[in-house]
Amino acid sequence: MRVVVVGAGVIGAASALALARAGAEVVLVDRAGIAAETSSRCEGNVLVSDKGADPAVRPEAELAIASNAMWRSLALELDAERGDGPATELEAKGGVVVAFPQGAAPLTAFAEGQRSIGIRAEVVDGAALRALEPHLSPEVELGVHYPDDAQVQPSLATQSLASAAMRRGARLVLAEVTAARMRGGRIVGVETTSGAIDADAVVLCAGPWSGEAAARLGARLDIRPRRGMILVTTAMRQRVFHKVYDADYVGAVGSADAQLQTSTVVESTPAGTVLIGSSRERVGFDDRPALAPIEAIAAKAVRLFPFLAETQLLRTYAGFRPYAPDHLPVIGEDPAVPGLFHASGHEGAGIGLAPATAELIAHHVLGSATALDPAPFLPGRASLAEVAA
Amino acid sequence: MSPTFEFDGAEIAARDGQTIAGALIASGRASWRTAAGAERGVFCGIGICQDCTVTVNGAAGVRACLRTACDGDVVEPESR
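Each protein sequence line maps, in turn, to chains A and U.
With my numbering applied, the first sequence corresponds to residues 1 to 389, in that order.
With my numbering applied, the second sequence corresponds to residues 1 to 80, in that order.
Isolated chain A, as found in the complex:
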């Protein structure tokens, strides 16, 4: 069976590997290259801490819990395959979500819900919180420690996934997909700027461009871009030890608000830099530099870690996060175009959710076994149709 995977970001690369492992002949197609867009313009989050237990979002929390475990074994396998250096730079450093006094009660309630679905979330304050993060502002009242939060270097991890797929026979084609090849109402390949590619199935993993790409393939998919900006400091001695973020991050990701929203996410990298995020703006694919999000992010970060006031920024970068109107990933066969499968809409969680998404794609396309529940993510679900109508 031949499968065309459109998009060589983390979702496409992980799906290509899962499909190749299950015996498919895979052709990975991307117009710009591996990890050329969203997967190299993010923070590499592998989180459970931002996943809530409310019924509307609980399926994503369960997907994140499963995917978090998968990353740990996958990282070891990819390291062993590469042999001459780290393949993902997985850091299982844990997360600490913190609250100023007015945010303490909502945070502890959120964490209580998370514990009820199996997420490890321990409330810490006073000396215990300062032992985890000694340089936090004294204004911070309370924190929740998530030992299972982790991080990968997202460009490297995506490259390693794609390399592992190619070692199993996958082929990379640098071209833009322009149209579907149809026969008998079914998709049987794609037309590209480098010619046609026949296939038994097509998996669309085009991140924030998935809506536009779906339209070219004769399908309708409501995926929109949201711009997120990240600040990078110069290298310094380590003073941030976990992924530390303000509890309002959870609200910003789930929000439908178009305006600039920021919430503080601070973490150090093995290179000594500190990454400071994050913003959410609905500005289409506008990638012009913008000062407002940088100012807002920097001001909030200094409130969390006062020492940052004395540091210098090395650079900033922005990426487009793909989101669906109901804020759940879209994974499964298109209801109108048989043979076309979607894997997108992961918003800020695509890196973390990639291994589990890839397992679901292998299940949908090839019938591979999975213990995951595919139902909440199907493209034909009511919560997507209602918005599109």
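Misleading hints may appear alongside valid ones.
[Unchecked claim] Using C-beta positions, here's what the derived DEER-type ranges look like:
1) Asp287(A) - Gly28(U): 38 to 48 Å
2) Arg186(A) - Glu39(U): 52 to 62 Å
3) Ser194(A) - Ala59(U): 49 to 59 Å
4) Pro106(A) - Ala10(U): 46 to 56 Å
5) Ala59(U) - Thr108(A): 36 to 46 Å
[To be verified] Listing some non-contacts, in silico: residues in chain A with all C-beta distances to chain U over 10 Å:
6) Glu81
7) Phe100
8) His327
[Claimed, not checked] Just so you have them, the derived chain U footprint on chain A, three or more residues with Cβ under 8 Å:
9) 150 to 156
10) 236 to 244
11) 311 to 318
Everything labelled a hint here was simulated from the structure, so no lab data went into it.
None of the values given here were measured: they were computed from a predicted structure.
Glycine included, every Cβ here is placed at the ideal spot set by N, Cα and C.
Mind docking chain U on chain A? Use the hints.
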């Protein structure tokens, strides 16, 4: 005059107007910082790469390739 400065406990002689990085290289040192367990020193030499940073008189993150060595400076290596 030829300034001398202290680096990691050693006395380093510099030429007048020389950068800290220049003097450290002249003293036989190719690297003086670590990041992710790897050795770092002058990579670009023009103030862009941030790989040669040192702490000078208590101020962290000073680019050794841009900073002129001054008599009596106390220079410390950095690591992550």
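Hints, one by one, checked against the model:
1. Asp287(A) - Gly28(U): 38 to 48 Å: Holds, at about 46 Å.
2. Arg186(A) - Glu39(U): 52 to 62 Å: 57 Å, holds
3. Ser194(A) - Ala59(U): 49 to 59 Å: 54 Å, holds
4. Pro106(A) - Ala10(U): 46 to 56 Å: Cβ of Pro106(A) to Cβ of Ala10(U): about 54 Å, so the range 46 to 56 Å holds.
5. Ala59(U) - Thr108(A): 36 to 46 Å: Given range 36 to 46 Å: holds, Cβ gap about 40 Å.
6. Glu81: 21 Å, holds
7. Phe100: The assertion about Phe100(A) holds, with a minimum of 28 Å to chain U.
8. His327: Holds, since 35 Å exceeds 10 Å.
9. 150 to 156: violated (count 0)
10. 236 to 244: holds (count 3)
11. 311 to 318: The restraint on the region 311 to 318 of chain A holds, since 3 of its residues have a Cβ under 8 Å from chain U and three suffice.
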